[in-house]
Each structure stands twice: as C-alpha cells, then as structure tokens.
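Could you put the whole structure together from the sequences, leaning on the hints where they help?
Residue numbers (the working numbering), protein chains in the order written: chain A, 1 to 295; chain B, 296 to 525.
Keep in mind the hints are simulated off the structure, nothing from the lab.
Which residues of chain A face chain B? A partial, calculated answer using Cβ under 7 Å:
id : residue
1  : Arg2
2  : Met206
3  : Val209
4  : Ala211
5  : Thr212
The C-beta atom is built at its ideal place from N, Cα and C for all residues, glycine as well.
Below, each chain spelled out in residue letters.
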Amino acid sequence: MRLRTWVFCLNEANQNLLRNPVLAIASVTTTAISLLVLGVFLLLTVNVNAIATSVESQVAVRAFFAKNVPQSQETAELQTVRSWSQVRTATLVTKAQALAELKKEFGDQAKVLDSLGTANPLEDSLSVAVQKPQDVKAVATRLSHLSGVVHTTYQSAVVSRLFALINDIRVVGLVIGILLLIGSLLVITNAIRLGMAARRREVAIMRLVGATESLVHWPFILEGLILGGIGAIVASGLAYWSYVAAYHSAVRSLPFLPLVSPSPVARDIALLLLVLGILLGAVGFRISVRRLARV
Amino acid sequence: MISMRRVTKEYPNSVIALQDVDLEIGKGEFVFLVGPSGAGKTTLLRLLFREEVPTSGSVIVNGHDVGRMRPRQIPFLRRQIGVVFQDFRLLPQRNVHENIAFALRVIEAHPREIKRRVAQVLELVGLSDRGHALPAQLSGGEQQRVALARAMVGRPVMLLADEPTGNLDPQNAEDMVRIMLEINRLGTTVVMATHAAHLVNRARQRVVAMEGGMIQRDELAASYHVEVNR
Ligand SMILES: Nc1ncnc2c1ncn2[C@@H]1O[C@H](COP(=O)(O)OP(=O)(O)OP(=O)(O)O)[C@@H](O)[C@H]1O
Ligand SMILES: [Mg+2]
Numbered sequence: 001m002r003l004r005t006w007v008f009c010l011n012e013a014n015q016n017l018l019r020n021p022v023l024a025i026a027s028v029t030t031t032a033i034s035l036l037v038l039g040v041f042l043l044l045t046v047n048v049n050a051i052a053t054s055v056e057s058q059v060a061v062r063a064f065f066a067k068n069v070p071q072s073q074e075t076a077e078l079q080t081v082r083s084w085s086q087v088r089t090a091t092l093v094t095k096a097q098a099l100a101e102l103k104k105e106f107g108d109q110a111k112v113l114d115s116l117g118t119a120n121p122l123e124d125s126l127s128v129a130v131q132k133p134q135d136v137k138a139v140a141t142r143l144s145h146l147s148g149v150v151h152t153t154y155q156s157a158v159v160s161r162l163f164a165l166i167n168d169i170r171v172v173g174l175v176i177g178i179l180l181l182i183g184s185l186l187v188i189t190n191a192i193r194l195g196m197a198a199r200r201r202e203v204a205i206m207r208l209v210g211a212t213e214s215l216v217h218w219p220f221i222l223e224g225l226i227l228g229g230i231g232a233i234v235a236s237g238l239a240y241w242s243y244v245a246a247y248h249s250a251v252r253s254l255p256f257l258p259l260v261s262p263s264p265v266a267r268d269i270a271l272l273l274l275v276l277g278i279l280l281g282a283v284g285f286r287i288s289v290r291r292l293a294r295v
Numbered sequence: 296m297i298s299m300r301r302v303t304k305e306y307p308n309s310v311i312a313l314q315d316v317d318l319e320i321g322k323g324e325f326v327f328l329v330g331p332s333g334a335g336k337t338t339l340l341r342l343l344f345r346e347e348v349p350t351s352g353s354v355i356v357n358g359h360d361v362g363r364m365r366p367r368q369i370p371f372l373r374r375q376i377g378v379v380f381q382d383f384r385l386l387p388q389r390n391v392h393e394n395i396a397f398a399l400r401v402i403e404a405h406p407r408e409i410k411r412r413v414a415q416v417l418e419l420v421g422l423s424d425r426g427h428a429l430p431a432q433l434s435g436g437e438q439q440r441v442a443l444a445r446a447m448v449g450r451p452v453m454l455l456a457d458e459p460t461g462n463l464d465p466q467n468a469e470d471m472v473r474i475m476l477e478i479n480r481l482g483t484t485v486v487m488a489t490h491a492a493h494l495v496n497r498a499r500q501r502v503v504a505m506e507g508g509m510i511q512r513d514e515l516a517a518s519y520h521v522e523v524n525r
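Okay, here's the thing in structure tokens:
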C-alpha cells in the first residue's frame with residue numbers, strides 16, 4: 001500500500017480508539033499490567049536460578065578442626081581425603097583465609113567485622129567438593145570420623161529447598177502471567193470488535209466502491225497493534241528501569257547475592273514483552289476478523 | 296456489458312428469487328427494472344456487483360464471470376460499477392466532500408486526482424456549493440445526489456440504482472432521474488430498479504418487467520404497465 005493509504009488506515013484506527021477512549025485505556029492498562037507481571041516473574045526466576053546455580057557450585061562439605069589441631073595433621077588428613085574416590089577436590093581453608101573470604105563477601109559492610117579486632121573466631125577447615133551430589137552425606141559422615149574434626153556441615157538441604165522454590169515461582173509466575181495475558185487479549189479483542197461494529201457503514205461502503213480486503217482490515221490490525229504496543233511499551237519500560245534500579249541498590253546493600261546484571265537480561269525481557277504485546281494485538285485482530293467477513 | 300444466461304438464484308432459506316433469467320444489456324443502454332415487490336429486482340442487481348453469486352447459470356459483467364471470479368478480483372469488478380440505494384448510505388460524520396472523496400481514497404487514488412474528480416461530480420449533481428455540509432444538513436434529494444456523486448466519482452462504466460427515488464418527493468425523484476439520464480447520455484450504462492410508474496413512463500427507455508423471479512416483458516421506449524390500448 002502507498003504511504004498515504006497507511007496514513008489513511010492509521011487515521012481510521014485512531015478514530016476508533018478515540019471513539020471509545022475508556023475501552024482503549026482499559027486495553028492498554030490490562031496489557032501493561034499482565035506483561036509487567038510476566039516480566040517481573042521472569043526476572044525473579046532468572047535471578048533465583050542464578051543464586052541457586054552459584055550455591056550449587058559451592059555444594060561442599062566442610063569439616064571443621066578443633067582449635068588445637070596442628071597444621072601438619074591437617075595437611076596429612078587433606079591428603080587422605082583427596083585419595084577418596086567420591087571426592088572431586090579438597091582444600092585446606094585456614095581460619096585466616098576464611099576470615100578474608102568473609103570480609104570479601106560482606107564488601108562495603110565489612111566494617112562490622114572490624115569489631116573483632118585481631119581475634120579470629122573461625123576455625124581451620126577442609127572444604128571438600130564431591131563427585132556426585134548424592135555422595136554428600138556419605139562423605140560428610142566419613143569426614144566426621146577423622147581425628148581432630150569437631151563438626152561437619154553441608155548445604156544439600158538448602159539447595160533442594162531453593163530448587164523447589166524456583167519451581168514454585170516459575171509455575172506461579174507462568175500461570176498468573178498467562179491468565180493475565182488471556183484477560184488482556186479478551187479486552188483487546190473486545191475493543192477491536194466494538195471498532196468493527198462502529199465502522200460497519202464505512203466497511204460496507206469501502207467494499208461497495210472496490211477497496212481491497214487488506215485495506216478494509218488494516219485499520220483494525222493497526223488498532224490492535226497500537227493497543228498491544230502501547231501496553232507493551234509501558235510494561236517493558238517499567239520492567240527495565242525498575243530492574244536496573246533494584247539491581248543497583250541490591251548490589252550496594254547485598255553484595256554477596258549473585259544477581260544477574262541487567263545489561264543483557266533486562267533488555268532481552270523488555271524486548272520479549274514488546275513482542276508479546278504486539279502479538280496480543282495481532283492475535284486480537286485474528287480472533288475478531290470473522291466479524292468482518294460479512295458486514 | 297451485461298449478459299445473464301439461464302440465471303437462477305436460490306437463497307439459503309430456499310426462496311427462489313430468480314428463475315431461468317436471460318438478459319442482455321448493451322453498453323450505453325438505460326434500463327428500468329420494474330415489477331411488484333418480491334419480483335427479484337434487488338436480487339438481480341446484487342448479482343451484477345457480486346454481492347450475491349448465482350445458484351446456476353452465468354452472469355457476465357463487463358467481461359467478468361461473476362459466479363466464477365476469485366474473491367480477490369471482486370474489488371476490481373466493483374471499481375467499474377457505481378451503486379446507489381434507496382437509503383443513501385452516507386457516512387454521517389463526514390461532510391459531502393469527504394463522503395465522495397472516501398470512495399477514491401480507499402482505492403488509493405492520487406490526492407490531486409481526488410480533488411479534481413470530486414469537484415467534477417459535485418457539479419454533475421448540482422451540489423458544488425454544498426461540499427462542506429454534513430449529510431444531516433441536506434434534504435433527502437440532496438443526500439441521494441451525494442450518493443450518486445460518490446457512485447460516479449470512480450468513473451464506472453455502469454451505474455446500478457435500486458429504487459433510488461423510493462425515499463424522495465416527486466420533484467427530487469424527477470431531478471434524480473434527469474441526472475441519471477444525463478449520466479447515461481455521457482456514456483455510462485444505467486440499470487435502475489423502481490416502482491415509480493410516472494418516472495418510467497416519462498423517460499421512454501427500455502423497460503424490463505419482472506414477476507416471481509422471471510422476466511415477463513422486455514420492451515424498448517416502453518412504459519411501466521403494458522399499454523393495452525395500443
Ligand atoms: N437475503 C435474502 N435471503 C433470503 N431471501 C431473500 C433475500 N433477499 C431477498 N429474498 C427473497 O427473494 C425474493 C426476491 O426479493 P428481491 O429483494 O429481489 O425483490 P424485489 O423485486 O427487489 O422487491 P422490492 O420491490 O420489494 O424491493 C423475495 O421473496 C425475498 O423475500
Ligand atoms: Mg428490492
């Protein structure tokens with residue numbers, strides 16, 4: 001179609017929207033809300049996933065030595081542990097290293113550790129990574145029998161709870177998101193249908209004087225795209241900027257959380273929301289098009 | 296221009312609106328389609344601009360086989376045909392000029408061409424000074440002339456009119472027929488379905504009389520009723 005015909009169709013679409021501003025605002029708002037909820041859940045899932053992966057990679061059994069165990073004994077036991085077939089790696093973490101690591105994790109907040117002065121309340125430990133997650137328990141038991149070891153810890157319970165949580169968030173987010181998407185699709189479809197009803201005369205005359213079907217359809221397609229598109233722009237803008245803001249404040253106050261940097265992910269999700277919104281408009285038209293078949 | 300061969304039209308509710316109709320209308324003719332209510336006049340016209348398809352038989356309009364044409368071709372048939380109805384069918388929110396221009400804009404005519412042609416048809420129907428009026432601000436006769444201008448602005452080879460004077464007073468009805476005869480004189484084929492006996496009688500044109508879906512009479516320079524005293 002020619003440029004002036006696009007302008008004509010856009011004009012007709014706009015007239016439809018202006019004829020029923022309340023419905024247009026309702027369409028845009030419901031689209032924006034449903035896409036925003038979807039976006040928030042996606043961002044949440046991505047982050048919880050990242051946290052879980054980082055925790056999982058740390059699944060390690062720690063065996064803590066009593067305070068009085070000499071360094072030479074610790075090194076000997078390190079060699080013993082390394083020879084176990086279930087063990088992937090094993091390292092000796094001195095209490096000095098442990099404190100330094102802790103300070104690093106606390107980042108800006110490391111000051112709270114300054115109150116300890118020169119005292120170090122931590123203990124030397126063996127950090128053991130296993131070959132298979134299911135060996136964790138057995139290795140922990142074996143470690144606890146070593147002489148000089150006072151207690152052992154492992155994180156499998158935390159990890160499995162975290163994975164369950166991710167799954168819940170994913171399912172809940174997807175279900176709510178889809179329900180909201182269906183709701184906004186219905187609202188958009190309704191807006192387009194009302195537009196078709198309001199423009200029956202125009203459509204009948206267009207056909208009578210020989211307008212092509214695509215020219216008859218385009219004003220309504222554009223109407224759907226405008227409604228879905230504006231909702232999507234609002235949602236993806238809100239999702240993007242609020243994630244960037246939340247990320248930066250989280251990085252400052254909770255530096256040890258392995259959050260996903262916004263530069264690829266927030267932009268990708270904003271784009272995804274935009275595409276979804278436009279798709280909503282297109283699908284809304286597809287659903288209503290039968291109304292146009294015979295006016 | 297129009298060639299109907301053994302055309303039957305049965306509606307889905309199994310009413311047979313046309314039965315075995317044969318009709319030839321040449322280029323540049325003016326034809327009145329008359330007959331009692333339910334005779335099939337509207338149905339016949341609707342077949343000509345492919346609003347309906349024949350159940351059997353062939354309808355050829357300006358070289359297009361209406362019954363067999365593909366849906367994408369329909370718009371191009373309609374660009375060669377102007378249609379006016381009893382109820383005007385103007386767009387109430389648009390003024391006279393916009394109503395007429397609408398027909399050209401939706402077939403992607405050039406804006407300069409649109410301006411020129413709208414002015415021409417407004418002059419043809421005698422409404423050059425009413426371009427900015429809304430339909431509601433016009434009399435019935437004026438509204439029907441706007442509808443006629445819209446039908447003619449695309450320079451169709453054929454004008455179909457279904458009881459165009461049905462809602463008009465006698466004076467406006469006569470004006471309407473006068474303009475249509477003028478349009479015909481300029482070369483456009485005209486088919487007009489009507490109940491208005493006096494208009495038919497005065498015009499002395501070809502009359503096709505229908506009844507019960509069949510053509511009863513087809514005479515040149517004829518009148519509405521059969522003239523028994525001749
Ligand atoms: N869309 C339709 N569906 C079913 N039957 C129809 C339809 N249109 C017309 N008919 C029937 O077909 C027959 C012919 O109708 P048509 O409208 O062609 O008559 P007409 O000559 O134009 O009458 P009038 O002078 O009242 O306008 C009538 O019996 C009518 O009831
Ligand atoms: Mg009729």
